Amino acid sequence: MQIRLVRRPLLPGEFDAEKWLPLALVASGFAAWAAFHFGLTTPGCGFRRLTDLPCLACGGTRAARSLLAADFLSALAFNPLFVLSLGLAALWSAWTVFDRIRGQSLRVRLVTDPSGSRLLRWGLAIGLIIHWMWLAWTLPA
Amino acid sequence: MEIHLARDGSSLGVFTEAEVREGLAGGRFRASDLAWRQGMPAWTPLAGWPEFAGLAAPALLADAPSAPVLPAWERGAGFRNFFGTLHDVILNPVATFDALPRGNFGKVVGFQYAAALPAWLCASVLWALFFAFLGALGSGELSQIEGMEALGQLGPAVFAGILCVILGCAVVLLPLFNVVGAALQHVILLPWGPAGGFGQTYRVVGYVQGAFLPFSFIPCLNYLAGPWSLVISIIALSRVHRLAWWKVLISLLLLVCCALALVLVALALAGSLPSPD
Chain A
1 MQIRLVRRPL
11 LPGEFDAEKW
21 LPLALVASGF
31 AAWAAFHFGL
41 TTPGCGFRRL
51 TDLPCLACGG
61 TRAARSLLAA
71 DFLSALAFNP
81 LFVLSLGLAA
91 LWSAWTVFDR
101 IRGQSLRVRL
111 VTDPSGSRLL
121 RWGLAIGLII
131 HWMWLAWTLP
141 A
Chain B
1 MEIHLARDGS
11 SLGVFTEAEV
21 REGLAGGRFR
31 ASDLAWRQGM
41 PAWTPLAGWP
51 EFAGLAAPAL
61 LADAPSAPVL
71 PAWERGAGFR
81 NFFGTLHDVI
91 LNPVATFDAL
101 PRGNFGKVVG
111 FQYAAALPAW
121 LCASVLWALF
131 FAFLGALGSG
141 ELSQIEGMEA
151 LGQLGPAVFA
161 GILCVILGCA
171 VVLLPLFNVV
181 GAALQHVILL
191 PWGPAGGFGQ
201 TYRVVGYVQG
211 AFLPFSFIPC
221 LNYLAGPWSL
231 VISIIALSRV
241 HRLAWWKVLI
251 SLLLLVCCAL
261 ALVLVALALA
271 GSLPSPD
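Read top to bottom, the protein sequences are chains A and B. Per the working numbering, residue 1 is the first one in the first sequence, and the count goes up by one each step. Per the working numbering, residue 1 is the first one in the second sequence, and the count goes up by one each step.
Because the hints were derived from the structure by calculation, they are not lab data. Predicted, not measured: the structure shown is a model, and the values here were computed from it. Just to be clear, a hint being listed does not mean it is correct.
Stated by the list, open to error - Derived DEER-like restraints, expressed as beta-carbon distance ranges: (1) B/191 <-> A/122: 30 to 38 Å; (2) B/221 <-> A/127: 13 to 21 Å; (3) A/121 <-> B/170: 34 to 42 Å; (4) B/244 <-> A/95: 19 to 27 Å; (5) B/21 <-> A/99: 45 to 53 Å; (6) B/246 <-> A/98: 16 to 24 Å; (7) B/103 <-> A/38: 39 to 47 Å.
Backbone N, C-alpha and C define an ideal beta-carbon position, used for all residues, glycine too.
Same shape as in the complex, but just chain B (with noise of 0.2 Å):
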């Protein structure tokens, strides 16, 4: 009969059991390994098969590494661990936040800034470069749309200057940001009894932002990248905090609500005001 194997949450494939006897022995699998075949309750360490109890020694189980801290950028900056938390947090929520260690927000800090940085600047060549090639800045053509009268009369280095400061302040300003962003899920996470504190929210919502932020600035990839980290963080949030995604997930909408709403006052509020003229 075939059988099931996997390592670190991802499946390795289906394999016979003289295949598995013959990895166990030269060292493709590990006795720490997750089997399962049909007819068993759930996946168990290849060490606890019977068949298997020659070869899944004490010595093979004391050499399987334990489990990977969790998401990449834990275990210290650089590229290679910057794409590997992208990964993780992306592809991988349940088991990263699962394992997420408690303290040192200066590794969010750090992802964030890693995170941003590039995209502010991609960002801000690319819109630049896009306006240029309109031919909509020096022509005047951005005059044509209603409040953009003043960028209209600007050349293009000149706007992505202005592009490039303004997103500048927003990168500086992104941890304090996301300290209003997690305090503000925090409080509304508070009637549901969260296990984790307003720290362990914190890192949540800095892993989350972080790794979706260079997906923001790519066009048409946005639109994905934005219901998809919902999802993530409704995972993450219900993870860490150990609730039910579906109290996340209310939590959330009402802070959408809210959020809505107060635009939606503040409109009405700036529409009812007398024009200058």
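Just chain A, same shape as in the assembly (with noise of 0.2 Å):
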């Protein structure tokens, strides 16, 4: 079984995530600054009012929030998906500043063969039911 990080050139035609990613993160950082200092608001969860349970992105706004007020326990409590593929993109986007900056054109990439992407797809679906059953028990309604 192979699971494991690899450093190899951009394919032809590959989508250069390095490009975009740090430039997203950016961009919905400001996005987040400016909707929550001037006070807009999201409508809120269609499925919660209709089911009474959370979705899996419940709680994303208020740990966004707690994020930008530097409150990471908080933050992680609210919806820690949210805040784990933050981390890991923010940590993708660190990397790939400092490869830029050392002049090196590799990027890194996670290769799987057949048994390994089967293990990683459950270890997501266990993953995202553990999630969701943590939203239940602590997200006020």
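Using the hints, put the two standalone chains together into the complex.
Below is the structure:
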């Protein structure tokens, strides 16, 4: 079974994630700050209103607010998936910027074989279920 | 040393030289597959590797299929090609829009309808159910919301019907909306000297809007679909018109700013009008 990170050049026609991710992160951060600063609110979760159960994204706005206030533990409690994904994206972006400064053109990519892919898919599915159970247990209505 | 292999813009994995040799002989790998290993400047087809010269025979190269037409909908309408197009546009935009064929607007319009009609039906049913479950319809709860007095008096079925008609009109007029949207985007790109004509901009707008339409109706996913469709639009327009991505970004931001300014002016005008009372 193979699951590992490798460094290789960008394929012809491959999506250049390293170019867009740092830009998207900065733009999203700015948009979030502006939205909170000007008091804009989201319409609320339709799934929650309908079923009284949280969706996978519930708590995301509160997590973003906590992150902007540098309260990382509260943010993690509000929506672990959001915070961990954002952390991973930030780490990858920082690595990308570091590589650009060093003049390194190789890209970091995850390589798996079929059994590795299967394990990752199952891991992701179980992780999402645990995340959803956490939200259902902890998030106030 | 390990060899990285790729086909059609996707990685096949990392293999040893013996595995590649065995794969070429057994037909698992093709001579046209791209390969790279540490120290090489770029990806090279296996046919060009001296180590595999005996195995990468001309016959193997001749058997290798040519690059597929992208997006999948251009190969023909169908269930499989519809989902293939969603994948091509949303997850593989560079290769898709580099290879976007010219002409044939019928296919783009067909794709938009294929994406919009089920989404329209689902949205109508979903929202009708949503209000019915909330008990907002019929009980008059909706009437308490400002401007919703008339809707609050309706039953779920009538409400769903009205929603169907409104959204149905929007769906029927979708290609027309896209003509206007594409025209605005094309005009604002003109100062940069786009390589393609208006037709290519229309095809980009049609495929990008069509691919994101089903996701726009799914609660919570629509928050992700919106920004991502903007990123894909920038990539698609820059590839089709051979423009730097930042030039397209500036143009689209300008367009968004103009639209926001128009809305603000309209709101200001509406606010300055005398009240009917």
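**Report entry** Range hint 19 to 27 Å (beta carbons of residue 244 of chain B and residue 95 of chain A) holds or violated
**Finding:** Taking Cβ atoms as reference, residue 244 of chain B and residue 95 of chain A lie about 24 Å apart, which means the hint holds.
Original post:
Is 16 to 24 Å right for how far apart the beta carbons of residue 246 of chain B and residue 98 of chain A are?
Top reply: 22 Å, holds
A range of 34 to 42 Å was offered for this pair. Does it hold for the Cβ distance of residue 121 of chain A and residue 170 of chain B? 37 Å, holds
That 39 to 47 Å hint for residue 103 of chain B and residue 38 of chain A (C-beta), does it hold up?
45 Å, holds
Does the hinted range 13 to 21 Å hold for residue 221 of chain B and residue 127 of chain A at CB? 18 Å, holds
Okay, residue 21 of chain B versus residue 99 of chain A on CB: inside 45 to 53 Å?
-> Since the Cβ atoms of residue 21 of chain B and residue 99 of chain A sit about 32 Å apart, the hinted range of 45 to 53 Å is violated.
Verify the CB-CB distance for residue 191 of chain B and residue 122 of chain A against the hinted window 30 to 38 Å. 51 Å, violated
Consistency note: the structure conflicts with the earlier hints numbered 1 and 5.
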